[in-house]
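Enquirer: As a plain string of letters, each chain reads:
Protein chains: 2
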Amino acid sequence: MFGARCLLRALRSCSSAPCPRHKPTAKLSVRDALGAQNASGELVKVQGWIRSVRSQKEVLFLHVNDGSSLESLQVVADSSFDSRELAFGSSVEVQGQLVKSLSKRQNVELKAEKIEVVGNCDAKAFPFKYKERHPLEYLRQYPHLRCRTNVLGSILRVRSEATAAIHSFFKDSGFVHIHTPVITSNDCEGAGELFQVEPSSKIKVPEENFFNVPVFLTVSGQLHLEVMSGISYTEAVEILKQASQNFTFTPEWGADLHTEHEKYLVKHCGDIPVFVINYPLALKPFYMRDNEDSPQHTVAAVDLLVPGVGELFGGSLREERYHFLEQQLARSGLTEAYQWYLDLRRFGSVPHGGFGMGFERYLQCILGIDNIKDVIPFPRFTHSCLL
Amino acid sequence: MFGARCLLRALRSCSSAPCPRHKPTAKLSVRDALGAQNASGELVKVQGWIRSVRSQKEVLFLHVNDGSSLESLQVVADSSFDSRELAFGSSVEVQGQLVKSLSKRQNVELKAEKIEVVGNCDAKAFPFKYKERHPLEYLRQYPHLRCRTNVLGSILRVRSEATAAIHSFFKDSGFVHIHTPVITSNDCEGAGELFQVEPSSKIKVPEENFFNVPVFLTVSGQLHLEVMSGISYTEAVEILKQASQNFTFTPEWGADLHTEHEKYLVKHCGDIPVFVINYPLALKPFYMRDNEDSPQHTVAAVDLLVPGVGELFGGSLREERYHFLEQQLARSGLTEAYQWYLDLRRFGSVPHGGFGMGFERYLQCILGIDNIKDVIPFPRFTHSCLL
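Protein sequence lines, in the order shown, are assigned to chains R and A.
Counting from 1, position 74 in the first sequence corresponds to residue 73 in numbering that gives the first Met the number 0; the numbering is continuous, with no gaps.
Counting from 1, position 192 in the second sequence corresponds to residue 191 in numbering that gives the first Met the number 0; the numbering is continuous, with no gaps.
Among the hints, erroneous ones may be present.
Here are the computed lysine-lysine pairs in the BS3-like style, where the Cα-Cα straight-line distance is at most 27 angstroms [what the hints assert, rightly or not]:
1. A:26 to A:113
2. R:44 to R:99
3. A:26 to R:170
4. R:170 to A:44
5. A:113 to R:44
6. R:128 to R:110
7. R:113 to R:103
8. R:44 to R:110
9. R:56 to R:44
10. A:103 to R:372
11. A:113 to A:56
12. R:170 to A:372
13. R:103 to R:123
14. R:170 to A:113
15. A:113 to A:99
16. A:103 to A:113
17. R:26 to A:170
18. A:56 to A:99
19. A:44 to A:56
Label pairs and their calculated CB-CB ranges [unchecked claim]:
20. A:129 to R:164: 39 to 49 angstroms
21. R:113 to A:334: 34 to 44 angstroms
22. A:121 to R:327: 18 to 28 angstroms
23. A:132 to R:335: 25 to 35 angstroms
24. A:100 to R:335: 42 to 52 angstroms
25. R:164 to A:128: 50 to 60 angstroms
26. A:327 to R:335: 27 to 37 angstroms
27. R:211 to A:132: 26 to 36 angstroms
28. A:341 to R:338: 48 to 58 angstroms
29. R:160 to A:81: 23 to 33 angstroms
30. R:338 to A:334: 27 to 37 angstroms
Hints in this document: simulated from the structure, not taken from any laboratory.
Yeah, the Cβ is synthetic: ideal placement off N, Cα and C, and Gly gets one too.
Input sequences plus hints: build the corresponding full structure.
Expert: Shown next as structure tokens:
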């Protein structure tokens, strides 16, 4: 038997207590290095990209940034370290002593003892130049490199935080997150301006059509969220505290929007009245209407004010809405295709409503970024699908 | 001036203290009603779908469920309430007194004083029948109604919770969430079995090709995550505590997988060694290899063990890898198309690695669900794209 005493001994023998000889050098992010209080010569290791190189007679100054901070860390090295490889854009690992800086420009600096170039940078070919402030339009030509700049790195971090905050908000409010489909056989908003999806010629399928029906990139997850209103009965007008409603955060496509073909929409089924009624004008999606009377000139979701496809139907209106919808579909020859949507109203429907928010428009608004292409990691638009 | 005293008075006059005459009936979820301690006749309102109807001479029993609980709430009503409309599947709003139940089957029940049918259900046409336990295969035919069942409602709730947990895990570990694109001009894994995306015939574009190049539904966001390794320098092998790495949770498509055409993959750039090395065999994606030596027969990510496309390159291997990749691309005539990928290695590359996890496979594993179609809200597969 492997007794407790034996186990303890075994554990001790593989103890992780560091051996003084091989004590590993503490690795610090640039942010942590910059924030170090009372830097007094402790040995640390910092990794990052060279943002500037200044070579003096006896000293070499580097500014190194790893993306953890807008500010870079100043590295001071003996001029013997100077080499061609220490160029703007190269990635390096620097080992040295973190000390108080004599200059007023920074609190701490790293006295290099060892500098290793991890990834060379062909500075001549590198499209970003030392000391130049490249405009966003210029950076847009290099979607594979622009996240290395402070501006795009920051935008993408805010995008990530905003995504998380929206998810938390809905989760904490009792909503169920639904992945609405990207491929659909519906033409939800009747716009007809869709992207069709077909197996490429290399795929061998016996049948002519892979899915039996023509399929498209979705223009809206709205109908699918309506389906999911069956997951829980909660009157939309009662909102939030009543939990569980549902929401999605799925990309949608509209070929009619010539500047944004792949756009994320946060949608939910359920209602947040104040938000919907006094929505900022700057974020107005096409289906919202002006609140001309409001002093701040806000917008409101038509869906909630005028019962429509995503209607709030109740009482005597209910049956009429069903027959109205049935007639509309029959007139357009769509009864068969949308029988499932009629079914939702035939089989114990419940009041529901919702609205969508263009996530990229929202990011533009909070970040003050003019062009939507700069808040999307890999933007796609007419005549461009880079990477 | 609007003084403090005046303001206080104004606030008092619009106080939200309830007027006793119009005291609104408390609305309770079925879960909260069932969990009520010491139910002693308080007036409440409950909404939900009728799950069963049992009509006796003088009493009518209904079971009502709103999705908030697997258990339904028993509603006891005078037989005068009986009506055809109170059918299995209808949605109702019941007002009454929450009382202790005399039966041992439940703690509380609702003595109905008012029952309103909100949404009728055409019980004959409704595909789900009272008291029948429909198999998952049967429910799959009704993707627009199946979320009303306990089983699908539960699966979708677990899916939502699992999504949130994965997001939290990466966020708390300092990863940046990246939305990798759904449309791409790359053929990342070289499989060639792709879904092509083209504007439908209704879109009028002067040029023949909307994006100038053929575009496809992505089969992998891996290369895009590699681009984003430029957002922060963190050696993959140092992991987690070192923060900011990046991850994605974007759907991907492979036409070669005949059972799942729209699948979510959680991917990250960065490394979680234990997870990757001792990954459950049941979740093995194609690119992982068997850990034959491991006692639990786990799998590991090849990417991390054998430097590949998402390689862990360092030291002297680095330059060789670049030239190797360059030669490979030249041989396939892909140098121009993948110049951006070579660029990542030309301009200060940093060590990176990662792996992907099939989210739906993971759900199957934790839920014990045999068919992947049952863990996807709206599954798409060969010959089927419902809704």
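Enquirer: Taking the hints in turn, state whether each one holds.
Expert: Cross-check of the supplied hints:
As the CA atoms of residue 26 of chain A and residue 113 of chain A are separated by approximately 14 angstroms, the hinted pair is consistent with the 27 angstroms bound. For the hint pairing residue 44 of chain R with residue 99 of chain R, the CA-to-CA distance comes to about 16 angstroms; that is within 27 angstroms, so the pair holds. As the CA atoms of residue 26 of chain A and residue 170 of chain R are separated by approximately 21 angstroms, the hinted pair is consistent with the 27 angstroms bound. Proximity of residue 170 of chain R to residue 44 of chain A is assessed by CA-CA distance (about 25 angstroms); at most 27 angstroms being required, the pair is judged to hold.
Of the pairs offered as hints, the one joining residue 113 of chain A and residue 44 of chain R is violated, with about 72 angstroms between alpha carbons and a cut-off of 27 angstroms exceeded. Between residue 128 of chain R and residue 110 of chain R, the direct Cα distance comes to roughly 26 angstroms. Compliance with the 27 angstroms bound is thereby established for this hinted pair. Among the hinted pairs, residue 113 of chain R with residue 103 of chain R is consistent with the structure: their alpha-carbon atoms are about 25 angstroms apart, no more than 27 angstroms. Distance restraint check for residue 44 of chain R and residue 110 of chain R: the Cα-Cα separation of roughly 11 angstroms lies within the 27 angstroms cut-off, and the hinted pair is therefore satisfied.
For the hint linking residue 56 of chain R to residue 44 of chain R, the alpha-carbon distance of about 25 angstroms falls within 27 angstroms, and the restraint holds. At roughly 63 angstroms between alpha-carbon atoms, residue 103 of chain A and residue 372 of chain R are farther apart than 27 angstroms, so this suggested pair is violated. With a CA separation close to 19 angstroms, the supplied pair residue 113 of chain A and residue 56 of chain A stays within the 27 angstroms bound. Restraint check for residue 170 of chain R and residue 372 of chain A: satisfied, since their Cα atoms lie roughly 25 angstroms apart, inside the 27 angstroms limit.
Annotation: proposed proximity of residue 103 of chain R to residue 123 of chain R is violated, straight-line Cα distance about 33 angstroms (limit 27 angstroms). Among the hinted pairs, residue 170 of chain R with residue 113 of chain A is inconsistent with the structure: their alpha-carbon atoms are about 33 angstroms apart, more than 27 angstroms. Simply put, residue 113 of chain A and residue 99 of chain A have alpha-carbon atoms about 19 angstroms apart, close enough for the 27 angstroms limit, and the pair holds. Distance restraint check for residue 103 of chain A and residue 113 of chain A: the Cα-Cα separation of roughly 25 angstroms lies within the 27 angstroms cut-off, and the hinted pair is therefore satisfied.
Proximity of residue 26 of chain R to residue 170 of chain A is assessed by CA-CA distance (about 21 angstroms); at most 27 angstroms being required, the pair is judged to hold. Taken as a hint, the residue 56 of chain A and residue 99 of chain A pair is honoured in the structure, with Cα atoms around 22 angstroms apart against an allowance of 27 angstroms. Using a Cα cut-off of 27 angstroms, the hinted pair residue 44 of chain A and residue 56 of chain A holds, with the two alpha carbons roughly 25 angstroms apart. Taking the beta carbon of each, residue 129 of chain A and residue 164 of chain R are about 43 angstroms apart, inside 39 to 49 angstroms as hinted.
In this structure, residue 113 of chain R and residue 334 of chain A meet the distance hint of 34 to 44 angstroms, their C-beta atoms being roughly 36 angstroms apart. Here the CB-CB span from residue 121 of chain A to residue 327 of chain R is close to 20 angstroms, well matched to the stated 18 to 28 angstroms. Range check, residue 132 of chain A to residue 335 of chain R: Cβ separation about 30 angstroms, and the 25 to 35 angstroms hint holds. At roughly 47 angstroms, the beta carbons of residue 100 of chain A and residue 335 of chain R sit within the given window of 42 to 52 angstroms.
Taken as a hint, the range 50 to 60 angstroms is violated for the pair residue 164 of chain R and residue 128 of chain A, whose Cβ atoms sit roughly 44 angstroms apart. The beta-carbon spacing between residue 327 of chain A and residue 335 of chain R, approximately 51 angstroms, falls outside the hinted interval of 27 to 37 angstroms. Between residue 211 of chain R and residue 132 of chain A the beta carbon distance is about 30 angstroms. The supplied range of 26 to 36 angstroms therefore holds. In this structure the supplied range 48 to 58 angstroms holds for residue 341 of chain A paired with residue 338 of chain R, their Cβ-Cβ distance being about 52 angstroms.
Judged by the Cβ atoms, the range 23 to 33 angstroms given for residue 160 of chain R and residue 81 of chain A is violated: they are separated by roughly 55 angstroms. A hinted range of 27 to 37 angstroms is violated for the C-beta pair residue 338 of chain R and residue 334 of chain A, which are about 52 angstroms apart.
Violated hints for the displayed structure, listed by number in ascending order: 5, 10, 13, 14, 25, 26, 29, 30.
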